[in-house]
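**Student:** Given these sequences and hints, build the entire structure.
Just so you know, the sequences run in chain order A and B. Note that the working numbering has the first sequence beginning at 3, numbered continuously upward. Note that the working numbering has the second sequence beginning at 2, numbered continuously upward.
One should not assume that every hint holds.
Per label pair, the in silico range of CB-to-CB distance [unchecked claim]:
| id | chain 1 | residue 1 | chain 2 | residue 2 | range |
| --- | --- | --- | --- | --- | --- |
| 1 | B | Leu145 | A | Arg296 | 53 to 63 Å |
| 2 | B | Gly291 | A | Arg52 | 47 to 57 Å |
| 3 | A | Arg52 | B | Gly136 | 18 to 28 Å |
| 4 | A | Arg296 | B | Arg175 | 48 to 58 Å |
| 5 | A | Ser262 | B | Lys180 | 50 to 60 Å |
| 6 | B | Tyr337 | A | Arg52 | 31 to 41 Å |
Covered stretches of chain B (chain A as the covering partner; in silico rule of three or more C-beta atoms under 8 Å from a C-beta of chain A) [unchecked claim]:
| id | stretch |
| --- | --- |
| 7 | 95–107 |
| 8 | 111–125 |
| 9 | 153–163 |
| 10 | 171–180 |
| 11 | 199–210 |
By construction, these hints were calculated from the structure, which means they are not laboratory data. Beta carbons are placed, not taken as given, at the ideal position from N, Cα and C, and that holds for glycine.
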Amino acid sequence: MVRRPSRRAYAAQWLLLLAVLAVAYLVVANATDNLSRRNLSFGFGFLADRANFDIPFHVISWTESDSYRRALLVSFVNTLLVSAMGIVAATGLGLLIGIMRLSVNWLIRNLALVYIEFVRNTPLLVQIIFWYFAVLQTLPPPRRSIVIPGGLLLNIRGLYVPSAVMADRASTLSLLSAAALVLTPLVWRLPLKGGRLGAKALLLPLAAVGLFAAGIEHIEFPTLTGFNITGGAQIPPELAALWAGLSIYFAAFIAEIVRSAIEAVPKGQHDAARALGLSTLAVLFLIVLPQAVRIMVPQLTSQYLNLIKSTTLGAAVAYPEIFQIFAGTVMNQAGKEVETIIIVMAIFLTVSLIFSAFMNWYNSRIALVER
Amino acid sequence: MERYVARALTCSALIAGMVGFAGAAWSQSEVKSPTLDAVKKRGEVICGVDTGIPGYAYQDASGKWQGLDVALCRAVAAATLGDPEKVKYIGTTSKVRFSVLQSGEIDLLVRDSELTLKRESALGLVEVTPNFYTGQTIMVRKSLNVAHVKDLNGATVCLLTGTTLETNIADYNRANNIKIGTLLFERPEEAFAAAEAGRCDGYTDDGGSVAAGRSAMKKPDDWIFLPEVLSRQPLGPHTRQGDDRWTDIVKWTHFAMLEAEELGITQANVDEMKKTSTDPQVKKFLGLEGDLGKGLGLDNDFAYKVVKAVGNYGEVYEATFGSKGLGLPRGLNNLYRNGGLMYPYSWY
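**Tutor:** This is the structure we're talking about:
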């Protein structure tokens, strides 16, 4: 039997599988044994308990009497918010720096080089803490807020912007508004007299804005009362620092991806476009970048996944993301280490898998169709 | 061919190794005081302390650990190994401290941790005995002109995550129908800096830590303590459940420091007392008569070693929180006969 390679391969694979199963069994058995020896129980029932702590920044509503489950949701939304903001900003900045890196201008090219080398060779956590205290040290206290025209206030507690207070009828109107936005790209492609409906579909987003505005009862402006600013919406410095840290750090890596992808586009494409008389910008945006995007996407995916996972560093600067709130406060209050960590890991795994599935779909959509 | 055999052998050796390792880990728990045995074998006590809060545990300019909690670690090392230097300090954040103890990474946790019913029942830990009595205190800038906690409605305070402090603030809010916001940090350094910068209106923690925070500010005199105490905070060492003997050792090491103060024995006069004292209580305490230490599985003169190594509780307090340290009045931490709560169990 051992003489035939295929059999040997089979046997080796079975052995490996058995080894993996044995290790998994040991891990589970060891964990349950240790839990029971320390009089700890395993279960997710604690999620329904009253949380009884404050979450300083929340996008969806939160009160101290809500449950741990709600705390999980609130902190998860905070994580998603900073991830989305980080991905958008890091991509924009990375694209810019990557293009600058290839500039014919010596100064621009080397500025980009210095940026990349400086940023990607210092630890992300250090950068985030640096931004946090850099932000905090420069801004005035609430009572001496900087007034920005348009009703905005800026101080050490954050940027306060006017917010809309919605009327009762607003929920229906907002739904209609969202539906109009979703339908826009579909309507855009509707066939009309051999062509497409096209730009006429832009009436829909306009209608959406109108519908949304119709739901607003009044605009609330931030004002100073007592210690803090009340009214309006607050963008806290924790969010700003984490966002800046993540965006600037990952932009450096994305810039290198952009540069390598642009350089990987065959030079003939560039030369041919120039020969047709296209301007430098047109060559870049119409000919080179669309082809470079195909090369970038797989590498960008892993940078984006890294960025999402790195949002957990927000715990260091008091940004209430899932790791700080759920794997911190809730874990300590409920005494459920194993369960909370399992939940946090499962959430990050799910988000990462969904995100990479989306990126793979996008990748296959823009990939060259080969015959 | 040989390659495959060799691979299969390596593979099975690995599995056998893992099974053996797990088996060894399991069988270890059947020894009587596994922690003491492990400490003696290792020649070192592994003590979980603060990452750096003046008063409790911090490293001085020369990198040496100092503080009230550190003194207990040193005392336990002196009692068990005869040498207060044989301690390995693990700085733990408030978030991970109990997990680190549960997992067996440290022998004991002395990290200004509050003793609560929930922790003792739900975490599988033993709350040995309080070594510092305090209460949750809020410190604010003088310039805010705030005299009471209730006046802080609408304000934000900085604090550390993974503590009982958040819950206390939430309860206080609910009881008084006000809203004090909280901003949670992982480590005291960042929280102090944020309070200093004015991101929060105040800083809250147990009284000792707030005093430490004030000493870390650029101008400590700009900050005042509000008179109200939000909750009792009996702080003390924690050990794992299931090793009662080790818990006893930690408890009686702390009591040895109290008893020494009661008997008037100090680091400076302990040798003198050992030679000349005729008081039977002192003689028993220092291990010259009776077998008090042996009963704990230690040397009979363990209390002598403790006092020789760190001094009595009063001396330690003076050096850390008292007049030579943060300047916090002794208050509740005085011996009972001086109006405090420090009341050791009887020694004889």
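**Student:** Run every hint past the structure and note whether it holds.
**Tutor:** Hint check results:
no. : hint                               : verdict
1   : B:Leu145 with A:Arg296: 53 to 63 Å : 58 Å, holds
2   : B:Gly291 with A:Arg52: 47 to 57 Å  : 52 Å, holds
3   : A:Arg52 with B:Gly136: 18 to 28 Å  : 24 Å, holds
4   : A:Arg296 with B:Arg175: 48 to 58 Å : 57 Å, holds
5   : A:Ser262 with B:Lys180: 50 to 60 Å : 52 Å, holds
6   : B:Tyr337 with A:Arg52: 31 to 41 Å  : 38 Å, holds
7   : 95–107                             : holds (count 5)
8   : 111–125                            : holds (count 5)
9   : 153–163                            : holds (count 8)
10  : 171–180                            : holds (count 4)
11  : 199–210                            : holds (count 3)
The structure agrees with every numbered hint stated previously.
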